[in-house]
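Build the full structure now, drawing on both the sequences and the hints.
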Amino acid sequence: MSTACSDRGGPGKVIADPIHGAIHLAQREVQVIDTPSFQRLRGLKQLAMAQSVFPNATHTRFAHSVGALGMMIRILDAAQEKIEILPEQRENLRLAALLHDVGHYPYSHLMEKVDSVVLTEDEVEGAATPAREIDATKTPYPRHEEMGRLIVTSQGDLVNAIGGANRAKAVADIFTRTGSADPQLSKLIHSSFDIDRWDYLARDSHAAGVPYGNIDIHYLLNNLRVSPEKTVGFSHKALPALEHFLLARFFMHRVVYYHKTIYGLEEACRQLLRRLRDHYPDKYEIPLDGNAVGELVRSDDLHSFTDAFVDAIVRKAAKHPGNKEEDKVIRALAGAIQSRKPPKILMEVPVYEECHRKHHAGTAFLQRCRSDLKKLSTDFSIPLGQFLLCVPTVVLVKVPPEYSATQVTRLTGDDVTARAHKEEEEQIWVFRQDDVEPTSLLDFEPSLVKQWAKFFFQACRLYVVLEVPDADDKVIKLRDRVKDWGKS
Amino acid sequence: MSEGGSMDRQQIALKLAADGVALDFKIDSFRDRLILQKAMYLVQAAGVHLGYHYQWYLHGPYSPALTRDEYAVVADCARGLDDSKGWRLDEQSRRRLEDLRVLLKPRKRPDLARELELLASVHFLITHQQVAKPDDDQQIADVLRRFGKNFQREDVKSARRELSEHGLL
Numbered sequence: 000m001s002t003a004c005s006d007r008g009g010p011g012k013v014i015a016d017p018i019h020g021a022i023h024l025a026q027r028e029v030q031v032i033d034t035p036s037f038q039r040l041r042g043l044k045q046l047a048m049a050q051s052v053f054p055n056a057t058h059t060r061f062a063h064s065v066g067a068l069g070m071m072i073r074i075l076d077a078a079q080e081k082i083e084i085l086p087e088q089r090e091n092l093r094l095a096a097l098l099h100d101v102g103h104y105p106y107s108h109l110m111e112k113v114d115s116v117v118l119t120e121d122e123v124e125g126a127a128t129p130a131r132e133i134d135a136t137k138t139p140y141p142r143h144e145e146m147g148r149l150i151v152t153s154q155g156d157l158v159n160a161i162g163g164a165n166r167a168k169a170v171a172d173i174f175t176r177t178g179s180a181d182p183q184l185s186k187l188i189h190s191s192f193d194i195d196r197w198d199y200l201a202r203d204s205h206a207a208g209v210p211y212g213n214i215d216i217h218y219l220l221n222n223l224r225v226s227p228e229k230t231v232g233f234s235h236k237a238l239p240a241l242e243h244f245l246l247a248r249f250f251m252h253r254v255v256y257y258h259k260t261i262y263g264l265e266e267a268c269r270q271l272l273r274r275l276r277d278h279y280p281d282k283y284e285i286p287l288d289g290n291a292v293g294e295l296v297r298s299d300d301l302h303s304f305t306d307a308f309v310d311a312i313v314r315k316a317a318k319h320p321g322n323k324e325e326d327k328v329i330r331a332l333a334g335a336i337q338s339r340k341p342p343k344i345l346m347e348v349p350v351y352e353e354c355h356r357k358h359h360a361g362t363a364f365l366q367r368c369r370s371d372l373k374k375l376s377t378d379f380s381i382p383l384g385q386f387l388l389c390v391p392t393v394v395l396v397k398v399p400p401e402y403s404a405t406q407v408t409r410l411t412g413d414d415v416t417a418r419a420h421k422e423e424e425e426q427i428w429v430f431r432q433d434d435v436e437p438t439s440l441l442d443f444e445p446s447l448v449k450q451w452a453k454f455f456f457q458a459c460r461l462y463v464v465l466e467v468p469d470a471d472d473k474v475i476k477l478r479d480r481v482k483d484w485g486k487s
Numbered sequence: 000m001s002e003g004g005s006m007d008r009q010q011i012a013l014k015l016a017a018d019g020v021a022l023d024f025k026i027d028s029f030r031d032r033l034i035l036q037k038a039m040y041l042v043q044a045a046g047v048h049l050g051y052h053y054q055w056y057l058h059g060p061y062s063p064a065l066t067r068d069e070y071a072v073v074a075d076c077a078r079g080l081d082d083s084k085g086w087r088l089d090e091q092s093r094r095r096l097e098d099l100r101v102l103l104k105p106r107k108r109p110d111l112a113r114e115l116e117l118l119a120s121v122h123f124l125i126t127h128q129q130v131a132k133p134d135d136d137q138q139i140a141d142v143l144r145r146f147g148k149n150f151q152r153e154d155v156k157s158a159r160r161e162l163s164e165h166g167l168l
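Top to bottom, those sequences are chains A and B.
Sequential numbering of the first sequence, starting at 0, is according to numbering that gives the first Met the number 0.
Sequential numbering of the second sequence, starting at 0, is according to numbering that gives the first Met the number 0.
Honestly, the hints are just simulated from the structure, not real lab data.
Any given hint could be a false lead.
Pulled a few chain B residues facing chain A out of the computed Cβ check, cut under 10 Å [stated by the list, open to error]:
#, residue
1, Ala12
2, Leu33
3, Gly46
4, Ala71
Just the calculated beta-carbon pair ranges, DEER-fashion [to be verified]:
#, chain 1, residue 1, chain 2, residue 2, range
5, A, Leu287, B, Lys104, 28 to 36 Å
6, A, Gly208, B, Asp18, 52 to 60 Å
7, B, Arg94, A, Gly208, 50 to 58 Å
8, A, Glu83, B, Arg144, 31 to 39 Å
9, A, Ser370, B, Val130, 49 to 57 Å
10, A, Glu436, B, Gly46, 45 to 53 Å
11, A, Lys81, B, Lys104, 29 to 37 Å
12, A, Glu83, B, Lys25, 37 to 45 Å
13, A, Asp483, B, Asp23, 35 to 43 Å
14, B, Arg94, A, Ser370, 31 to 39 Å
15, B, Arg160, A, Pro227, 31 to 39 Å
16, B, Glu153, A, Pro227, 43 to 51 Å
17, A, Asn290, B, Val130, 38 to 46 Å
Only pairs whose alpha carbons sit at most 25 Å apart, straight line, appear in this in silico BS3-like list of lysine-lysine [unchecked claim]:
#, chain 1, residue 1, chain 2, residue 2
18, A, Lys229, A, Lys373
19, A, Lys112, A, Lys315
20, B, Lys25, A, Lys357
21, A, Lys168, A, Lys229
22, A, Lys168, B, Lys132
23, B, Lys156, B, Lys132
24, A, Lys357, B, Lys156
25, B, Lys84, A, Lys374
26, A, Lys137, B, Lys84
27, B, Lys84, A, Lys373
This one's a predicted model, so the numbers in the text were calculated from it and none came from an experiment.
Cβ atoms here follow ideal geometry from the backbone N, Cα and C, with glycine treated the same way.
Printed below as a string of structure tokens:
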């Protein structure tokens, strides 16, 4: 699988990598890697709790970030004869690849999406919660790309290592794909077909020990082409390798990222963090909202904002005192995570549907949970907070939503621009044999992906967290009670 | 691909915010859409966080995610599924929305659209440091003119004053 990434950055160091071979670092990249702000990534597992099922999946954001740089070097080498990239652009692209994940939270998406709870207790019908109130005074946690921008432009060690404030902003512009960054070049960092995905599919697959992400990097690179308009794409000969890439991502989601046990544990942890933050903000010191996260990552506390930060909270929560129902739920969730007793799945409704469909078996199931979960909770004397509902979703290619005929007539210039921008970002370009400019993969007739792009996969799941001696018996009875909930 | 046939939490908050500033949730025309976009921008600027990320487009700050939710909310309401009933925003946010009502006071919709576009655009350019000298009204008016907007220095000055009076700057 490995090859050598060429040395185009002058004297530096070499990192041996199982995916890309020897990665030659430029001096400035070594300086960036040596900063405490970058070293923090050693404390973030790339696949969060996947190691609870795939024991070897313990690789870090640090390894992936260096790998993304290795991937960028390989792409730049493959494109060097076909596209003119100025030395400073090249250096910034390499730095952007290296730093694209520097803003990840502890346990990555788990904590970043702490507010993305499908069904909170106050949304369940009949739940005895206080007024159904939304607290809009709190800003949501920012996305990790925005966190990355904050870190790269405000942490002194990184700003210095990168070469000053202007350079730091230029690098952040590339990985957040904003500002003055060249749209085609920054697409290499952030799109349907970016170096992030090239690296993580191969690396995660290798680490987990599953074959699904083993993409054909060499062949894709050999068939890289660039149009006179600087559009980066691939020769039509690479169509199967391209399709394999997209399918690899789809299968890695199904097999690893959305594995029922891993996802259940991560959901339990997400809900635990949300509860602790909302009910015991002083005791557990979880950032209250996006502003608090922003302050944290601009301070020295950034360096301890790693998986260990969450692990310590879980350990403390497992001994959480009190006898209110909320206290019991906290102990149950924390105990399940700490002792690796994953939430039990009661029902899963798999959905393959066209993206525009709003009503299907999954939505019927969610509606049923909303209306009947309270009774189930009461009948089995299990607190509502110990039922977890999730809807992990994946698509082959992100296609912007189709507007209906009526909607089209109402579109503003801004709508059209925004849609075009989104479309362009997600496009994968294929060069027909004699064409100078490429065709979108979605318009490429022989493409399998063209046929399947309009579908999504969703696994609507209901879990329960139980810490009682007769848990298995209870789970059997619970499954019997919900077995028809997926029927419309 | 929304989870249910009904509104999610963000859409509920959006509907409550529009109700809170007494704004009709209409998207029948370009002008209606512009009013809703800019009003929700100002709502967020006032500290009522609905979770929409705005970027600069032709008509000033614009959020594609808000567009998607506008359609979803209108569709659900048309089917009689207004899930925001039974919900409310926190007290502080409700007070902030009440304060904002003055900014959206009843007037002809073309005037409202133009005024909200000015207020939101001036706020965005100043707070996102999109102009070299944020204190310079003329510079802001020049930027707006580059986007084909007929706003003068005096318009910017008056917008700045109004934003300050409502605690948005």
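Now the hints, each set against the structure:
1. Ala12: With a minimum Cβ separation of about 5 Å from chain A (threshold 10 Å), the hint on B/Ala12 holds.
2. Leu33: The hint holds - B/Leu33 has a Cβ within 10 Å of chain A, the shortest such distance being about 7 Å.
3. Gly46: 7 Å, holds
4. Ala71: 9 Å, holds
5. A/Leu287 to B/Lys104: 28 to 36 Å: The hint (28 to 36 Å, Cβ to Cβ) holds, given that A/Leu287 and B/Lys104 are roughly 34 Å apart.
6. A/Gly208 to B/Asp18: 52 to 60 Å: Taking Cβ atoms as reference, A/Gly208 and B/Asp18 lie about 53 Å apart, which means the hint holds.
7. B/Arg94 to A/Gly208: 50 to 58 Å: 56 Å, holds
8. A/Glu83 to B/Arg144: 31 to 39 Å: 35 Å, holds
9. A/Ser370 to B/Val130: 49 to 57 Å: 52 Å, holds
10. A/Glu436 to B/Gly46: 45 to 53 Å: 48 Å, holds
11. A/Lys81 to B/Lys104: 29 to 37 Å: Since A/Lys81 and B/Lys104 have Cβ atoms about 58 Å apart, the given range 29 to 37 Å is violated.
12. A/Glu83 to B/Lys25: 37 to 45 Å: 50 Å, violated
13. A/Asp483 to B/Asp23: 35 to 43 Å: At 42 Å between Cβs, range holds.
14. B/Arg94 to A/Ser370: 31 to 39 Å: 34 Å, holds
15. B/Arg160 to A/Pro227: 31 to 39 Å: 51 Å, violated
16. B/Glu153 to A/Pro227: 43 to 51 Å: 47 Å, holds
17. A/Asn290 to B/Val130: 38 to 46 Å: Violated - the Cβ-Cβ distance for A/Asn290 and B/Val130, about 24 Å, lies outside 38 to 46 Å.
18. A/Lys229 to A/Lys373: 57 Å, violated
19. A/Lys112 to A/Lys315: Within the cut-off at roughly 22 Å; holds.
20. B/Lys25 to A/Lys357: Between B/Lys25 and A/Lys357 the Cα gap is close to 22 Å, so the pair holds against 25 Å.
21. A/Lys168 to A/Lys229: 23 Å, holds
22. A/Lys168 to B/Lys132: 19 Å, holds
23. B/Lys156 to B/Lys132: Since the Cα atoms of B/Lys156 and B/Lys132 sit roughly 14 Å apart, the hinted pair holds (cutoff 25 Å).
24. A/Lys357 to B/Lys156: Roughly 46 Å separates the two Cα atoms, so the pair is violated.
25. B/Lys84 to A/Lys374: The given pair, whose Cα atoms are some 22 Å apart, holds under the 25 Å limit.
26. A/Lys137 to B/Lys84: 22 Å, holds
27. B/Lys84 to A/Lys373: Cα-Cα ~20 Å, so holds.
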